[in-house]
Amino acid sequence: MLELLLEVPLGNVAEDQVPDLSEAGWALKVTFSKPIVVPDGSKVLVVTADDMQMYDTSDGKLLWKQPIYGGIDKYDATNEIVYLSEAGSSGRFKERSYIYAIDAASGAELWRYDLQQDARPWRLENMPEGAEAGSAGFTNINVHEGVIYAKVSDSWKDGSVTDRTEVLVALDDRGGKLWEIRSRGYPGLFSTGRMEFLADKLIIGSYTYGDDTHGPAYVQAFDLADGQLLWRQDLPWEPLNYARSNNASVTIVGDKVVASTSFGRVYVFTADGEALGDFLAWEPVDTGENVITTYVLGGKVAGFGDDNVVIAPSKTVIQGAAASAVSPVEHPDANSVLVYNLQGERLWKFALGAPPLNLIIKGDIMLLGTSSESATAGGTEDTGVYAFSLAGGAGGEFTAADSANLEQFLGFFRTDGIIYVSALDSSADQSVIAAVSWPTRSGVTKSGEHALYILTLK
Amino acid sequence: MTAASAKRRWPFVVVTLSVVVALVVAIRLRPPAAEPAPEVVFTTEDGAAAWLPGSGLATEAGSGALRLDTTSYAPRTIAWEWTGTGAWFTVRFSDGNIIHYSLPGTVQPSTTNVTFLGPTGLPRVRVPRVVVLDEGPATVDLRRDYRRFFGAGSAEARDVFLVYDTGSPLRVAALEVTTHVAADPDAEAGGTYVQGEQVSLTWQLPQGNRAQPYLPAGTPIVAELRLRMFSARTGHGEVSVTFPEGLEVTRLDTRAAPTTDGVVLDFSLAAGYQEQTWYFTVRAAAAGAIVARLSGASPEPLEVVTRYAVLEPAGLGTALKVTSHGAYPLGSGSDAGTLRTQLRNDLRLREGLNSSLQRLFGGRESADAPAGVVRAVLYNSSSQDLVLHVRYQVLDARGEEIEAFRGEHLQQASDGESALPEAVLLLPAGRSVDWRAPLYADVYNIAPGTYTGRFEARLFGSRLPLWSSEDELRVHKDDQLQLLVTLVGLVLAAGSVALFALKQRSWLAGMRTSQLILLALITAVKFAVIDVPWTVLGDAIRAFLGPLGPFVQLGTGIFSDILQALFLTALIVLVPKPGVAVISGLVRVILGAVAFGSFNPVSISLTLSYALLADLLLYVFGFTRGRLPLGSRRAALALIVIFAVQHVYSTYTFYYTWMYMYRLFYPDWYIGLNALISVVYSAVGAVLGLLLGARLKKVID
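Those protein sequence lines, which keep their order, are chains A and W.
When we follow the working numbering, the leftmost residue of the first sequence carries the number 1, and every step to the right adds one.
When we follow the working numbering, the leftmost residue of the second sequence carries the number 1, and every step to the right adds one.
Excised from the complex, chain W in its bound form (with noise of 0.2 Å):
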């Protein structure tokens, strides 16, 4: 296509586009058809007065009610005219609603409140409403009447009727419905609207049932009974109730007097609105009928026959079907509030410092956020609907329940909201709950481990198990002792520096230049025998050891804690003076980090907290004092007493720095293991540290 013939074309284009775009939008915008208005059909329900189409209603006198035929349709505006006095038009809406539209006059309807009870068997109380309409052209929006009224709601015009009582001419004519809608025969027949029902006898088999009622076979269940009614009677009612064969009652509600087939239940009658609750606890073998008879109450007694099916459990346990089942952490940070589903009964506690030193000391928790969520998915596959009592409960190892899971130990600023793993759910027929519960855990009673989670899904007033599901609970604790360890082993650690250089003055003042010299000597050695090869050899030593690293402490152990042990003791023996283990431990500080610029800060912190550590306790149990003498078999035992305290302690910091600082995680029995091996090491190497210092002392001598 050439230029110049795509410009020739464009009018065409456009004008094509415009007719096409024209005839969418007069599509669009037409009108949709009018539904035609109903005919009006009044039939006469009371007096001699009759609508005729065309003239309507005109009556001189007199008093009558026409009623609008509405079997097809709901009214939702409608106009006329009328001129007189004592007329009025009744509009009763499927709720029981009433408005009466009235012409001014002496004669009004009456507005005595309606009393009823609904479906649900729960009072229902209507208030008339009057709107006065001049003589004239009238026209009514019911539903924008009925919003003004009486609020939000979806019903509709049922029932329409022109009432008169009047001493003068009255004329009403040209009614016509304006807008309407096809009638809901559902709305009829869900039974919305009960006009009339002054008692409700009702059973719950089982309670909390209020659909098809049904009993699971051979299992004591609780079935309610319960009286709802507007009385004008005083005095005392009767509800006598017989229950059929196949049916125990195990437990009568302690006001129920026996009968020979069923109980009665007296009550005291007083006039207006009231209730009555009775409870049973009922065994069913076979399928029946419960005649429940009210008498005293109204004219007439009223007898309510009770039709249950029963069950067999297995069916009912069969039909409800559990998916999802665990307990799951919760997210944190931009996740928080949502399930960590690939951690199902997976649940890390979080332990704060606090809560270490209060699991040493005792105290209560305080709310904290939940340790995770329970959470199953039941689906009810029955036609019948269930009432569920879901809890999830930790067993230990002997089966039994551990409270501290049950969040009773929490302080809660509740409303009756409490944060227990248990709750009682409607799981209707054909219906899915997604049950979720938080999960709380006292960190202070309860140790990590493997622990068993349980479902249980009965049937609510019974002890029936439909479902139950044992599974792994898994809690880790993110232990925060850690954090106290590392900050106990810095704080000696500056201790040591600080003890030093207050005393540093009086402890060489102290020392003869030959104990300086052994001091040094001997500081030196165990430099040279301890951090020089492992420095150097450490990480070539683990290597080498591949798999088998961890259990490198069996032999470097012989360095680190044999020989630790030996030097310190022979030091001791050869230089019994206060100060000793700080001096020889900063020493070998300053020997690493000049010799291989080693500034480890677990190292530095370890060697001069242990070096306190050892200086504090020689001292007091009196080697550094001149108090015990060293060639006693008491003092063995006192050294090796020492260093058992000293290495438990230097294998704990050691690990916990480490594990804190660096993020690395050691089992206990890891962490335990070592500090045994060390224990042992240190005390063989305490007594060798005796015979050599003895012997040393013996060649200075």
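Here chain A stands alone, though its shape is the one from the complex (with noise of 0.2 Å):
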């Protein structure tokens, strides 16, 4: 069960931060506020436009407070260092791409790694001259097993032409450089979700802006030891996704990499990379007048147990039209909870009235953190944190059964104002959660607040 136990207000934000869901692209101009949890779940860090505040959470105490490092894109922590990477920019190239390895206990600064020292010479190499600074300086990050693995994107437009160089580094907890792979062009490293990891393998998805100009979505996995290309399996795009672009997201299910395109075809590979088998989550819907979809995005999909994934498509999509976050018309899976096997069997599903944009799975739990679908409201009765047990019934195998009188439901809290993508956060068991709300606008009249919520669930 969800418990409060610290919220934070966080201050206002800046008029043009406040953004309106109708909008298309709302998203894309706003800084959103992020929440880390330490995985044994004693302190959270939130990193807001000005600042970095830490909580111990055993009494809700400031423990520091620091200026912050011009932005944060991504985050990952230990229980002693917490690592942020720096933020991208658009439309020029970043003279610094951070990694910051903070001590959580001080917020000193232990050390910081340039990614441009290796992205820039090799973007220099590769870029036309006078080329023109596209999405640049992105920057993704995880830590497995005491290694941190980084990436940095830098696109540019030549013209006619997008292209990109990007750089993947694994770097030790002291921020010294192990091994080092570039890679130029599409699909390429980047991906909407995060790195996942299996046995001695990265896996990383990609996205493409379409097959016939970029070439098709797909999984790569490399070598922990030394970065090499052990084995890459294509996702081709098919008549019923919604745009010419998609993505690759995966997921570790046991043994198998699990990866699923936007419109939900969901591969399973074995972890060298053979293809056991394919589904489709789910079909577009044709009324006649209108072809109706949804779609999942990296971050969205996730698996626990041997056998099991969850799969959270939010907004819906009507083909030829543009696409809304307040959509009147809805796909019937269109923000919900999908729960199937690797056979493609959907053993569950749970309708949530607003769409997910966080997804997380430790264990045994499942965390959802939501959005709103209202134009008018920062927050709907359906925007908050969402907990829900994944614990099978006899002989550990979750089945429909297990759901029947939706027990497996721990618990909502509703946030005031939207949860946005990577703003939810949770120790390693999952009993520490720490999400940040966002505010939201209708025309002139704004709604929910900037906050950060400590909860624990029990």
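Because the hints were derived from the structure by calculation, they are not lab data.
Treat the hints with care, since some could be wrong.
Said to hold, decoys possible - Simulated restraints on C-beta separations: (1) W:Arg255 x A:Asp59: 56 to 62 Å; (2) W:Asp134 x A:Glu109: 44 to 50 Å; (3) W:Gly235 x A:Asp255: 41 to 47 Å; (4) W:Pro258 x A:Val291: 19 to 25 Å; (5) A:Gly288 x W:Ala232: 31 to 37 Å; (6) W:Ala232 x A:Ser431: 31 to 37 Å; (7) W:Arg255 x A:Thr213: 36 to 42 Å; (8) A:Arg184 x W:Glu248: 57 to 63 Å; (9) A:Val291 x W:Gly47: 58 to 64 Å; (10) A:Ile68 x W:Arg255: 53 to 59 Å; (11) A:Gly288 x W:Pro301: 26 to 32 Å.
Computed from a predicted model, the values in this text were never measured in an experiment.
Every residue, glycine too, gets a C-beta built ideally from N, C-alpha and C.
Build the complex from these two chains, which are given one at a time in their own frames, with help from the hints.
In structure tokens form, the structure reads like this:
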């Protein structure tokens, strides 16, 4: 059961940072605050546009506060160290793209590593003279067994051609580089989800603007020891997709790699990249007048147990029309949680009524953080943190019967404001949860608050 | 008033002001009149025990439940005293959430999850919470505890029960509702808390409309039937639908089995939460009611009757008011992102140098800033919610949509957001929506000109346009071909000088003295006949012609085109050597600088690049290599071609360089007309030059 431990108002956000959810691309111009929970749950860091504040979850006291390093893109943490990656920019290349290692106890900077020292030479080697900067310095970072895996992406426009270079580095816990791999072009190394780890392999999904122009999205596996590419599997576009672009979201289920396309085709691979099968998680609805579908991006596909995968599609997309966060027409599977076994059998579904933008599964606990489907309120009755138990019944296997009376549902905590992507984090055992709410507006009417919620799950 | 009298009165003024301020402060700080605590009235719901005013509840053993009368208020804080075991207060909030405040004891209240379907049919799960309070005095803040367990929200406590199940003496007394608010009747009427609803079988008539059902008369439109439910059964469920007379189903859901007056929808049942959705296309002639009967999923069949109105499409169209519709360019610099409303339906595309080349050689466009924003403010004056499919199309002269304006050519890092000027909107009754969508334009495939911009709003799921509007859309292009041409001119001019520097020795060594004299003479004549009059009289001629200035080329072309070609051709006839045109051009530039102090970069660039191009073409065609005899018809034709190329080049270079360097504007037709005149005149000049050259040659020989 969820219970509020601490609520911290984080102050007003700038007027131009309060999005109208009915506008296309509303999230692109907002720098959202992010919470970070250390694995043992003893501390919670919240990173805003202005500062970082670390709280002790045992008594709710502020441990330390530091000025911010100019915007944070991604993060990960151990009990002792918080790793932050600097935010990217659009339209200009970054001088620096730092990875910061911060002492969780004191807030002192332990070391920093500039990804641009690897990325810039590679970009300059490949980028035509006079090309314009696109999305530059976008980073991703994950920590696994004491090694920090960080990647940075720099794209440019050379007249008619969009291109990019990327670098993935492995750093030891003192910021020393262990190895580096480089990528040129699309889909490359960028993905909307997190990097995954399976035994001695690093698994990464990818994003493509279109199979015809940039090639298909794919899943790649790299050797954790030296970064060598071990295998790659394409996830081709299909006509039932809502758009030309496609994303490969990856997760690990037992000893298998599971990857989902944006349009819900789920592929199952062995650890060595051998294809075991695929299934379609949902189908577009053809009403005769319109084709209606939904989609899923990275971070909203997660596995549990040895045979189960959770997919949380969000927006409804009407083919031929611009997608909207607040569409009055809804695909039956939009804004819901779908649980499948790897044979493609749908075991369970729960309709949320709000777009799930965060999905965290650790152990037997699943957490969801939702945005709002209403353009007129900062948060609806469905905006907040959901907690479900995925513990199986007899034999430990999750089946449809386990959810019969929704006793699996552990609680819902409504937040005053939406929970955007990466605005939800939890401890390793999910007993401490942190969420940051963000205000939205409808026209000039603002609703919702910018606040940190630290919850406990008992 | 004297200074002395003022001095005497100031203590009085100070005292008076102090009293007034003190009174104001006292009035402002006076605590508001305390609202009297509501009377505590419990009714016995179950069991034998009763709540007695003054002494409360006292029992030795047994079980039962008492309910606090909260019909007129919602308690926020409650205080009481209790001793014993096996009792708890259950507080149920208006959204269905529950908190149990319990005495420590062996019997605990049930914390089984409560599941039901909310007003919109969405599943709701409530997880009851238990707070254990010690014996003795107890105080609970219901709002604080609600926030602690359930988060934000405006739910108020609606029901308060005192439940006991004890085998030992229990006493609960001195209960007082210390703070409260008046009960909100709207909260009840709004149905925010619907306990016990396990099935939701609802139609969206038409699809997307969750408010009052309606259908447009005589128009096929999509309707949606959605079943959501909690069910403990497995096996098969069935929804049988009966459509009324006057409602024609033109498209059945693929899973529907038709019957004589409707359909049967069969589905598999699994225990727990589940849902099914079916789609039909229907056409209504008259108002009626659809009967949907659910069986197999619950012990008792559930019948849902959905009555719908039928509305005339014309009336719906009239009720939809649209203003401010158009395509607007966006501001730049400090106005970036704002609509330039004064430039409605007037777009200026930014075509870079790359795009100019791209247009020549083909290719894709990258994602750029939109060319503008399409906007329409839609107001629904009807009493029905409208689900609208709104779109903006740019049509060509044949009335067909130009795909290059749909933004589908862009490489977008989208998360489902696309650039399409087309959207599905909910327009509630009595409300307005300011719809805006970026309008992208593929500059490689869009020519400047006037197009038709067409807005259309139709009911979603139908082909019925409720509103449409067509306006002229003017599209301009900032063509950077000007820069390219200017650069080419400068490069050729520089090349001309460089070539002269490299080759001048061999060129001059290859000419006889008489040829050098002829070269100098004819160049001087060209300068005197062409350059001097234009330099001296050019402005006067333009002023004299006034509005006819654009046609000055008809007159001045005699000098700049006919005589130019004439003298150059005559020179080539007399001195058929490489470098003749370049040397002549350089001499003209020097003469112009010496005589008039003229260092006009456009003129210098044009003269020198023209000379280099002429020399090159004459060499390639063989005139200055002795390969092509000048007396032949073939030579005359070749010269006409050479001068045609030369004068098309010089005309476009002249105007484009002026346009680029001095930010001037000449319409394409004007430049084209001048090029045509120049080509014709130069052909005449070339023929005359051949004749002049031949005669002069005879004289010299």
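Checked hints:
{"no.": "1", "hint": "W:Arg255 x A:Asp59: 56 to 62 Å", "verdict": "holds (57 Å)"}
{"no.": "2", "hint": "W:Asp134 x A:Glu109: 44 to 50 Å", "verdict": "holds (48 Å)"}
{"no.": "3", "hint": "W:Gly235 x A:Asp255: 41 to 47 Å", "verdict": "violated (36 Å)"}
{"no.": "4", "hint": "W:Pro258 x A:Val291: 19 to 25 Å", "verdict": "holds (24 Å)"}
{"no.": "5", "hint": "A:Gly288 x W:Ala232: 31 to 37 Å", "verdict": "holds (35 Å)"}
{"no.": "6", "hint": "W:Ala232 x A:Ser431: 31 to 37 Å", "verdict": "holds (32 Å)"}
{"no.": "7", "hint": "W:Arg255 x A:Thr213: 36 to 42 Å", "verdict": "holds (38 Å)"}
{"no.": "8", "hint": "A:Arg184 x W:Glu248: 57 to 63 Å", "verdict": "holds (59 Å)"}
{"no.": "9", "hint": "A:Val291 x W:Gly47: 58 to 64 Å", "verdict": "holds (60 Å)"}
{"no.": "10", "hint": "A:Ile68 x W:Arg255: 53 to 59 Å", "verdict": "holds (54 Å)"}
{"no.": "11", "hint": "A:Gly288 x W:Pro301: 26 to 32 Å", "verdict": "holds (30 Å)"}
Hint 3 alone, counting from the list given before, is not met by this structure.
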